[in-house]
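K.L.:
Chains as they are written, first to last, in numbering that gives the first Met the number 0: chain W, 0 to 362; chain D, 0 to 70.
What the hints contain is simulated information worked out from the structure, not anything from laboratory work. Please read all numbers here as calculations on a predicted model, not as lab measurements. Glycine included, each C-beta is placed from N, C-alpha and C at the ideal position. This list has only true hints and no planted wrong ones.
Derived lysine-lysine pairs resembling DSS-like cross-links, with alpha carbons at most 25 Å apart:
(1) Lys264(W) / Lys9(D)
(2) Lys24(D) / Lys62(W)
(3) Lys9(D) / Lys93(W)
(4) Lys10(D) / Lys93(W)
(5) Lys214(W) / Lys24(D)
(6) Lys9(D) / Lys245(W)
(7) Lys24(D) / Lys222(W)
(8) Lys238(W) / Lys24(D)
(9) Lys261(W) / Lys10(D)
(10) Lys227(W) / Lys24(D)
(11) Lys9(D) / Lys261(W)
(12) Lys246(W) / Lys10(D)
(13) Lys10(D) / Lys238(W)
(14) Lys121(W) / Lys16(W)
(15) Lys227(W) / Lys215(W)
(16) Lys10(D) / Lys264(W)
(17) Lys215(W) / Lys24(D)
(18) Lys24(D) / Lys93(W)
(19) Lys264(W) / Lys8(D)
(20) Lys261(W) / Lys8(D)
If the Cβ cut is set under 10 Å, some of the chain D residues that face chain W in the computed set are:
(21) Leu25
(22) Met26
(23) Ser43
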Amino acid sequence: MALVGNPNVGKTSLFNKLCGLNQKTGNYPGVTIDKKRGNFTHENIPFELLDLPGINSLYPNSKDEELVVNYLLNEQGDELPDLILVVVSALNIKRNLYLLDQLRDLDLPVVLAINMCDLAEKRGIKIDEKLLREEFGVEVVKVSARSDQGLKELKDLLLKAHSVNEREPGYIEADNRDLLHQFSKIIHCKNEYRSFLQLTQDLEINQKEEFSKLKKEFIESNKIEVRKWKINESILRYKLIGNIIKKSVVTDKSAADDFTTKADKLLLHPVFGYVFFLLILFSIFQSVFWLAAFPMDMIDAGFSALSGFVADALPSGYFSDLITQGLIPGIGGVVIFVPQIAILFLMFPYWKRADTCPYCLSD
Amino acid sequence: MRLTDFEVKKKGVITEIVDSPVAGKLMEFGILPGATFTVLNKASFNGPIFIQVGANRVMLRRDEASAIIVE
Ligand SMILES: Nc1nc2c(ncn2[C@@H]2O[C@H](COP(=O)(O)OP(=O)(O)OP(=O)(O)O)[C@@H](O)[C@H]2O)c(=O)[nH]1
Ligand SMILES: [Mg+2]
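One chain only, chain W, in its complex shape:
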């Protein structure tokens, strides 16, 4: 099985929980940049799980996104997963479902895990998973990688055999369907969305000259506006998702005024934002000095004592001076900064866990 989802939705957290591993997570996109394998058994059935970098859509924008898309679209298919476990965040479900909707068209078995349900409850977000199951035609389960909610249900779902019910392409205008069908035939691709993706972008997997020539000829002879196809896909998909969300997701606005919203008001203020930023950096700086003062004094005292001891033990002369006035104070001068550096690095994980990275569009 492969874990696929938008960046920062908790794929690795879920992977760690399922496989009992401890891969790196972080509250910002782009933590996982490579494929990671893990295993677990449930009801005596062994599972192999693949954790992947987050992708925004099947149109990759960076090397790590490309890795995922190439993996999902690889033509041979012998490496393809038996099942895609799509992870979305309950907090940003509309945008996350966009990727699900795309993956749904690849005709691979899909299970949808809605993560961060613990936070969603706090923010007054209610999601009707039964309706989502009906609308998308995939199994749906609500989970929280933080509070362990729903993990058992998720494993039980993975045990079931998953068939794929193919659906009508909703990503292309009716007038263009014939063209797409023709193109699929020309490149011998069974799945039409797969050929749509290959037609509308240049992927690493089909860099072959033969393919490029074929594609170029097809686009030119049929006067296909590739960019328009792509834009229409977005419009069509969001229209569908918007309608589904209207029916299946309710947000209690009074509860939505949560901590992040309030904190953002202050922290992103045009003037106070910078003041806060400087204040926080300053306090980190101060606390590093303050916390490190004690171990630094100890190291200082230790090295002085050591050179005193060596000076007494050795007969005086050039050799003694080299050790007691050169070597020992020299090493001491470096070691004395270790506590400051260590404390600064120990603070980094906490620093990153706090919401310091608002979601940025590019990279």
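Mind docking chain D with the ligands on chain W? Use the hints.
P.N.:
What follows is chain D with the ligands alone, placed relative to chain W:
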């Protein structure tokens, strides 16, 4: 009007995305014609613009934001 000229804290509607290399990417984020949005913040010194479209908050560079036509 371009999004870059839009006032902070006001609500608006996206009317058009100028055809550009970033257009496809913006649309994948749900930044589509017809969508309503709020400008949450504009950073000083010509910095990024922070907008909310639905429940989705996106930080945009100025050149990305200038491809978005709003009213
Ligand atoms: N409250 C809460 N936080 C969660 C949950 N799942 C994950 N997180 C947090 O969300 C952040 C992102 O988690 P990751 O597991 O690194 O996300 P990812 O999808 O692997 O991210 P990338 O590898 O960058 O794509 C971390 O700070 C997690 O602690 C959850 O169910 N509830
Ligand atoms: Mg990860």
